[in-house]
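S.K.: First to last, the protein sequences are chains A, B, C and D.
All residue numbers for the first sequence refer to my numbering, where the first residue is 1 and numbers rise by one.
All residue numbers for the second sequence refer to my numbering, where the first residue is 1 and numbers rise by one.
All residue numbers for the third sequence refer to my numbering, where the first residue is 1 and numbers rise by one.
All residue numbers for the fourth sequence refer to my numbering, where the first residue is 1 and numbers rise by one.
Any given hint could turn out to be false.
[Said to hold, decoys possible] Label-pair ranges, simulated between beta-carbon atoms:
| hint | chain 1 | residue 1 | chain 2 | residue 2 | range |
| --- | --- | --- | --- | --- | --- |
| 1 | B | Lys-91 | D | Gly-207 | 51 to 57 Å |
| 2 | A | Gly-279 | B | Gly-279 | 20 to 26 Å |
| 3 | A | Asp-105 | D | Ser-278 | 25 to 31 Å |
| 4 | C | Lys-253 | B | Glu-136 | 19 to 25 Å |
| 5 | B | Gly-279 | A | Ala-59 | 24 to 30 Å |
| 6 | B | Glu-136 | C | Asp-257 | 45 to 51 Å |
| 7 | B | Ala-268 | C | Ser-278 | 43 to 49 Å |
| 8 | D | Glu-108 | B | Arg-41 | 52 to 58 Å |
| 9 | D | Ala-38 | C | Lys-253 | 54 to 60 Å |
| 10 | A | Ala-59 | B | Gly-39 | 33 to 39 Å |
| 11 | C | Pro-277 | D | Gly-223 | 33 to 39 Å |
| 12 | D | Met-40 | B | Glu-136 | 52 to 58 Å |
Quick caveat, the hints were computed from the structure, so don't treat them as lab data.
All values derive from a computational prediction rather than experimental measurement.
Beta carbons: idealized from backbone N, C-alpha and C, even for Gly.
Protein chains: 4
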Amino acid sequence: MIRAGIVGGTGYTGVELLRILALHPEVEVAVVTSRADAGMRVDALYPSLRGVIDVVFSAPDVDVLAGCDVVFFATPNGTAMLMAKALLERKVKVIDLSADFRLKDAKEWGVWYGMAHACPELLAEAVYGLPEVNREKIKKTRLLACPGCYPTSVQLGFLPLLEKGLVDTKHLIADVKSGVSGAGRKAELAMLMSETGESFKAYSVSGHRHLPEITQGLEAAAGDSVNLTFVPHLTPMVRGIHATLYAQFSHRKVSLDALQGLYEQRYANELFVDVLPSGSHPDTRNVRGSNMCQIAIHQPQGGDTVVILSVIDNLVKGAAGQAIQNMNLMFGLPEDRGLKILALYP
Amino acid sequence: MIRAGIVGGTGYTGVELLRILALHPEVEVAVVTSRADAGMRVDALYPSLRGVIDVVFSAPDVDVLAGCDVVFFATPNGTAMLMAKALLERKVKVIDLSADFRLKDAKEWGVWYGMAHACPELLAEAVYGLPEVNREKIKKTRLLACPGCYPTSVQLGFLPLLEKGLVDTKHLIADVKSGVSGAGRKAELAMLMSETGESFKAYSVSGHRHLPEITQGLEAAAGDSVNLTFVPHLTPMVRGIHATLYAQFSHRKVSLDALQGLYEQRYANELFVDVLPSGSHPDTRNVRGSNMCQIAIHQPQGGDTVVILSVIDNLVKGAAGQAIQNMNLMFGLPEDRGLKILALYP
Amino acid sequence: MIRAGIVGGTGYTGVELLRILALHPEVEVAVVTSRADAGMRVDALYPSLRGVIDVVFSAPDVDVLAGCDVVFFATPNGTAMLMAKALLERKVKVIDLSADFRLKDAKEWGVWYGMAHACPELLAEAVYGLPEVNREKIKKTRLLACPGCYPTSVQLGFLPLLEKGLVDTKHLIADVKSGVSGAGRKAELAMLMSETGESFKAYSVSGHRHLPEITQGLEAAAGDSVNLTFVPHLTPMVRGIHATLYAQFSHRKVSLDALQGLYEQRYANELFVDVLPSGSHPDTRNVRGSNMCQIAIHQPQGGDTVVILSVIDNLVKGAAGQAIQNMNLMFGLPEDRGLKILALYP
Amino acid sequence: MIRAGIVGGTGYTGVELLRILALHPEVEVAVVTSRADAGMRVDALYPSLRGVIDVVFSAPDVDVLAGCDVVFFATPNGTAMLMAKALLERKVKVIDLSADFRLKDAKEWGVWYGMAHACPELLAEAVYGLPEVNREKIKKTRLLACPGCYPTSVQLGFLPLLEKGLVDTKHLIADVKSGVSGAGRKAELAMLMSETGESFKAYSVSGHRHLPEITQGLEAAAGDSVNLTFVPHLTPMVRGIHATLYAQFSHRKVSLDALQGLYEQRYANELFVDVLPSGSHPDTRNVRGSNMCQIAIHQPQGGDTVVILSVIDNLVKGAAGQAIQNMNLMFGLPEDRGLKILALYP
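Here chain A stands alone, though its shape is the one from the complex (with noise of 0.2 Å):
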């Protein structure tokens, strides 16, 4: 049994994270810290998990989570990187859900997230968790940067167009909406039932923390720079991404059915990555609880714009599932013990 840890067990990748983890075959879940509940039972907090997981939480401790052979971080930002590198010479592999680990580039990182990154050091070893794209790499690391959830439906979705060179890379449009657990479970004004139900809006026009995570993913896939207009919605339900994205043909257009065939192609082994059939609308409520991507390919008026419709739930694929996809690959396990759940429809 690989035992885990949880660092920043009570937001909602952190129970997320249990959800799956409690009745993960192989996994046994050890550590779960919160500085703030310490002493409480974590199904006292969560009493979806009663009958499942019987520990306390308790506060982060290296010492403790040193007894771990793998230690999860779903905390904010810029904690992560404080306490990996006493992790991981204590020989526990890292899992990070935050955002410390993802940018290559430290200066840049601290442009974003304004602070100065605590342990530069470590970036080039990371690993993004992107299985679709490092697999090899993630197999063998010690240290996994997991993906934001808006960079993992927009890069999924992208990723087949930009790796054969199809579309104008200085023209590209990410129109993406977001259920309200996105923002996490802190209390904040703007994220109360009555400021966001029966309402939609854009934020963060100006500029979100994900597009340099993006940028990076798809400069990589297309091995030339890119420009990319992100534009994040709020929409009124509790789960789900709908990532909406546009590009334009570079050279010549290239059929839908060519499209269609290239993306299935591109997919073809990934249990996570589902290409529907031409002309299909995926729907968020087909992914939600599961660690599925689903993806369409639309060429509207059969013009030179490629519409690609990318869902995924942001809590599982956009990140609690895809850190354990990635933890099954480190520890030589089937990339998808663990994760056979099937979304809950309706």
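Model the placement of chains B, C and D on the given structure of chain A, informed by the hints.
M.R.: Chains B, C and D in isolation, oriented as in the chain A frame:
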């Protein structure tokens, strides 16, 4: 492997059966019928099932269904009673999720369901599938009447009080709130999101079909006649039932501690009934997608009115999950086989 | 023109006062206070008011407020009682939407609100602003205690029964469901959309602050002591309260027709209480944004339990609308001046 | 008083016309037709209108409608074109909220709406009722084609850019999100709350009927052909449209300040278009129930892509409110008569 058939696979209880059975280690879904969608792949209608269900909808046919070990009816009322006999004669076990075999009195059934019962001779044999009451009978039956969603939440909440004769059976009140999926997958004006979203209302206050079913169960528990005021409400969410139950002590007050103890003891060995700690307020989200019923007991101001709060997911413990719990019992499997599903929070 | 001030203009009742007063033909909104947002334009915080409110938030100041004819307190409990006296001395009428002046018994107020009442000498003078009960007193008062949202819906529903002495006052039940805006505009974890969306729960079953207020009103109507079991619930929508009220006939059954007639007669001259036709189920959407209370009467199975359904918009008839209805009375205006607002359906 | 008739009074645009007209000081609602509900009181179907609308639904009859000064068609596409001519001949002004008279090209209309146009001879005369573009023509017309909801939000957002020739008209993108009431009051499976609640999806990506209408309007503004990629989405709320518009500068970049100034100037005298301060993110809740369009302009990272955010209430500025704004113009009334309605927040 148990070969299972589902008649009426396009409704919400049908697709919920599929969600659970698709991952059940002892079951193979062999037949899924739908007159309207015959010839269509199941996962074309339900993309959430892509990759796990490789079946095409077929028109209902007794000869085909006779090849199954068990057939679930997830049909509108009035269908199972036409086919059950033929299947039983072919040695197929029948689990009916509709109301056809829930009432023992064919005449009363006719009054509430607006048609004559087509198969009254099987009513006596049919076992009412509330495992917390009828477990031993369920194990031996070949014809199982799966309880309604409202009746499950109300009976599990009231049972301990009635079995012990603590409350006045002539003045029971069940104020119950249901998510909209309880109305099924039917094109009805009243169930449009524009009609039900952001709004709350009671309905069928003068008399709802689940009333005689609940009363039948409560009277069996009380060993006495019961007078229940049952008011169902529609709440703007998809899944979940919250029953708020009111009863008055019949002879003398019982302390809240004693009540808490009574409930904990009554359900101590039940895998799917969870009595929350004293003072709790169960939240439907904590059972969403799971087969659990969570219950809390209150005694406002220490007075002579007991308030029981009981929550379930109407499609799981209130329908498909309970049906599979019953199937497990009928086939000698562990009661929770295939049902270790945690609620989706948030 | 009546010069109006609003103390605490940043909460939901404050902005709802502004929505209605901005178009009230006899009112000029002169002062809106907010300690936190002093200096900011009101319509910068509330873009829905752009073009109709040309006021900047100011810190609360008695001298400034003294320039008003009426001051509304849309503040947390405990604020109005500190300022009311000074304003009354300056000849300003005070309408308090908080709970400070609702209870006649200062001691009981202290028990439920967790602090000593700072101004008990005004409690006797304060008029409880339920126009359907206290219209004549309201016209003459200078200090108005605006009823709570739950109390408004429950009292209007029970009053006719209690005034006529038809039901057992020792076993009244009010099962009430509220939208989340009732919790106010405060950054609280429990009120995030991720916590309250797609979920339903009861809360404060052991005792909610509105209980003594409701009981006080019901006892005045009944001329007798009253024992009420009051269970509030949170329903996943923004606006609306649905009260489901249960009472048992005390002496003899009254026919549903007679009950219907009683309610229609009791509220025949009320502009904001609408008794629906027999058999109706009021829907909160039909009063959303309006000052109406819609009521329906049921007698399930012709038994001895009466079920009253009563709906209001918690922010209008349950707060700001009722406050303005009271203001109209206090200033000799037609009761519905500025309040001809139709519900937003769908 | 203007005598108004409404043909098709049972849909959402019909009842929204009634909500606004009931309080319009210059209008008397004389006739409301509904074939299906003829003989029923309007307020029996819509309890939100109790007390303000004293009309019974009647079957549509030209002779009866001829007694009106104006007739609104809130009917499915294909109805108004059958009756408009007869009414115009009887000197009745016609305001059509359906799509029958929106396109100038009868052939193209036939392609998109799947039937031959029954009255092509009136297409040239019909005025497209976007007051911000056609005010003077609207004042003089007797046949008004009220714009669709998507087209209103998209055109108002793009107009200033196109009129000034600032952007590449060959690569316009409109990513638009609508609440579910846009689908109308029809019993459709896909619009059940169980299907649309807690979920988000795109639809009709290959081509939506509003595309030619939008293109026609944009081309008129640009004086050039336009190539628009239009992707509509369904968002889980009842009311509201949020258009996110993308355009690339055609010649040289324009500064954000200049763009902001351009929009403010363009709409300076418009009562129902409100350009928000620079940096704003309009929220659909801030126009819910009102006739306003709120717009914000962004230029992410100062690049060469402009992002315009434009929000309306699909049933008000996107349908009934705009129809009444047009009626006011057609009858020489102040443009905002009866339309001073503030948005319902929260």
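S.K.: All hints are to be evaluated individually against the structure, with a verdict given for each.
M.R.: Hints, one by one, checked against the model:
Taking the beta carbon of each, Lys-91 of chain B and Gly-207 of chain D are about 54 Å apart, inside 51 to 57 Å as hinted. Taking 20 to 26 Å as the suggested C-beta distance range, the pair Gly-279 of chain A and Gly-279 of chain B does not conform, at roughly 53 Å. Look at Asp-105 of chain A against Ser-278 of chain D: about 30 Å separates their beta carbons, and that is inside 25 to 31 Å. Here the CB-CB span from Lys-253 of chain C to Glu-136 of chain B is close to 43 Å, at odds with the stated 19 to 25 Å.
Under the hint 24 to 30 Å, the C-beta atoms of Gly-279 of chain B and Ala-59 of chain A, about 26 Å apart, fit the expected range. Between Glu-136 of chain B and Asp-257 of chain C the CB atoms are about 49 Å apart, so this pair conforms to the stated range of 45 to 51 Å. Look at Ala-268 of chain B against Ser-278 of chain C: about 47 Å separates their beta carbons, and that is inside 43 to 49 Å. Separation of Glu-108 of chain D from Arg-41 of chain B is about 36 Å and departs from the stated range, judged on CB atoms against 52 to 58 Å.
About 39 Å separates the C-beta atoms of Ala-38 of chain D and Lys-253 of chain C, a value inconsistent with the hinted range of 54 to 60 Å. A C-beta distance of roughly 60 Å is found between Ala-59 of chain A and Gly-39 of chain B, which places it outside the suggested range of 33 to 39 Å. In this structure the supplied range 33 to 39 Å is violated for Pro-277 of chain C paired with Gly-223 of chain D, their Cβ-Cβ distance being about 58 Å. Range check, Met-40 of chain D to Glu-136 of chain B: Cβ separation about 55 Å, and the 52 to 58 Å hint holds.
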